[in-house]
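Peer 1: Can you make the complete structure from the sequences, with help from the hints?
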Amino acid sequence: MTTQGERTPTSGDGEETVKRRIGRGAGLGGRLTPRKAVGWVVVLGVVAAGGWIITRPMPGDYIPGLGPSHKDATKTPPVVGAAPPTTDPEGLNVDNFFPAQRVVEVGGYKAKRNGARQGLNCGEALQDRAQEVLRNSGCQAYLMVNFSGQDRPVLSTVTLLRFGDQGAAARAADRLREKPGSLTFILPDALPAPAPSGTGGKEPETPSRIEAVGHYVTVTSSRVGDGRTPGAGSSPTPSGTPGSPTPTASGPSAEQSLDEANRALSYAAGSQFVWM
Numbered sequence: 067m068t069t070q071g072e073r074t075p076t077s078g079d080g081e082e083t084v085k086r087r088i089g090r091g092a093g094l095g096g097r098l099t100p101r102k103a104v105g106w107v108v109v110l111g112v113v114a115a116g117g118w119i120i121t122r123p124m125p126g127d128y129i130p131g132l133g134p135s136h137k138d139a140t141k142t143p144p145v146v147g148a149a150p151p152t153t154d155p156e157g158l159n160v161d162n163f164f165p166a167q168r169v170v171e172v173g174g175y176k177a178k179r180n181g182a183r184q185g186l187n188c189g190e191a192l193q194d195r196a197q198e199v200l201r202n203s204g205c206q207a208y209l210m211v212n213f214s215g216q217d218r219p220v221l222s223t224v225t226l227l228r229f230g231d232q233g234a235a236a237r238a239a240d241r242l243r244e245k246p247g248s249l250t251f252i253l254p255d256a257l258p259a260p261a262p263s264g265t266g267g268k269e270p271e272t273p274s275r276i277e278a279v280g281h282y283v284t285v286t287s288s289r290v291g292d293g294r295t296p297g298a299g300s301s302p303t304p305s306g307t308p309g310s311p312t313p314t315a316s317g318p319s320a321e322q323s324l325d326e327a328n329r330a331l332s333y334a335a336g337s338q339f340v341w342m
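Quick note on numbering: the sequence shown equals residues 67 to 342 in my numbering.
Source of the hints: derived by calculation from the structure; they are not laboratory data.
Predicted model only: the values in this text are computed from it and were never measured.
Cβ coordinates follow ideal geometry from the N, Cα and C atoms, glycine included.
Be aware that one or more of the hints could be misleading.
[Claimed, not checked] Restricting the straight-line Cα-Cα distance to at most 20 Å, the calculated cross-link-like pairs of lysine to any residue (SDA-like) are: (1) K245 to R201; (2) K176 to E321; (3) K178 to D255; (4) K178 to S337; (5) K245 to G204; (6) K178 to Y333; (7) K178 to R101; (8) K178 to P219; (9) K141 to D255; (10) K141 to Q216.
[Stated by the list, open to error] So the derived label-pair ranges between C-beta atoms look like this: (11) V169 to N202: 33 to 43 Å; (12) Q167 to D231: 33 to 43 Å; (13) G233 to P155: 18 to 28 Å; (14) G189 to R329: 21 to 31 Å; (15) W106 to P144: 49 to 59 Å.
Peer 2: Below is the structure:
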């Protein structure tokens, strides 16, 4: 079968003439030589590979397949302890409440999540496990998260405690207020900070914010310096740990920075449970 304007090849036509007609009819602008065929294969292969790389989702991407943020997966803050069972609808899993890549922002305060500790034995959250502040309190699970202020050189620890009902949570909050400093302050690497010494059982220099929200209790503590001692300032460390803020005529004092961090993070933590 031929189209209008073309004639059926005859035995007199040479092989070269037939190939030229076929190439021109295919719209290739000339004869398709082996070299051109190889070139087209290479071009199509590169385009296909590029599209696969762009659209292939990688762990840690902010939006799957868009951008090289998969490298951030290697910088995920450490989480110590066993994750709650997947069958527990109210499990205190740090990635559900405070995703590693999400900055907590309340008012003018911003903080980034660091390491975390989680588990079902609430005694693990105590500075001294021999204390009885949470014994027989009905505490079912705990979650401790360290945050570093983005605009304030302050480290904070937010502790979430889950109870069976609102009454148990309220009673536990009162007991924690009676014994300030009972809970562990964790560092960015999720390790516990050394227990403060020389307090004589008195309230720490910067009081924690303790709130009962539904059947949960939130406890927020903040420190300047490397977070190892309440109120102790130090210069920045090689690992990038914030140092002590230097009060200025226009900037907040250390006490103001600590109070701002406590208020903001306490609100951010409590807002997770306000409807529960």
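Peer 1: Compare the structure with each hint and give your call.
Peer 2: Consistency of the hints with the structure:
1. For the given pair, K245 sits about 13 Å from R201 by alpha-carbon distance, which is consistent with the 20 Å threshold.
2. Only pairs whose Cα atoms come within 20 Å are accepted, and K176 paired with E321 is accepted, the gap being roughly 17 Å.
3. Of the pairs offered as hints, the one joining K178 and D255 holds, with about 13 Å between alpha carbons and a cut-off of 20 Å not exceeded.
4. For a cut-off of 20 Å, the pair hint linking K178 to S337 stands: about 17 Å separates their Cα positions.
5. In summary, the hint linking K245 to G204 is supported, as the alpha carbons are separated by about 18 Å, within the 20 Å threshold.
6. Among the hinted pairs, K178 with Y333 is consistent with the structure: their alpha-carbon atoms are about 15 Å apart, no more than 20 Å.
7. Restraint check for K178 and R101: not satisfied, since their Cα atoms lie roughly 56 Å apart, outside the 20 Å limit.
8. Under the criterion of a C-alpha separation no larger than 20 Å, the hint pairing K178 with P219 is consistent with the structure, at around 12 Å.
9. A C-alpha spacing of about 12 Å is found between K141 and D255, which places the hinted pair at or below 20 Å, so the restraint holds.
10. The suggested pairing of K141 with Q216 holds, with an alpha-carbon distance near 17 Å, which does not exceed 20 Å.
11. At roughly 38 Å, the beta carbons of V169 and N202 sit within the given window of 33 to 43 Å.
12. A beta carbon spacing of about 34 Å between Q167 and D231 agrees with the range 33 to 43 Å that was offered as a hint.
13. With their beta carbons about 21 Å apart, G233 and P155 fall inside the hinted range of 18 to 28 Å.
14. A beta carbon spacing of about 28 Å between G189 and R329 agrees with the range 21 to 31 Å that was offered as a hint.
15. For the pair W106 and P144, the beta carbons lie near 50 Å from each other, so the given range of 49 to 59 Å is met.
Of the numbered hints given earlier, the model fails hint 7 alone.
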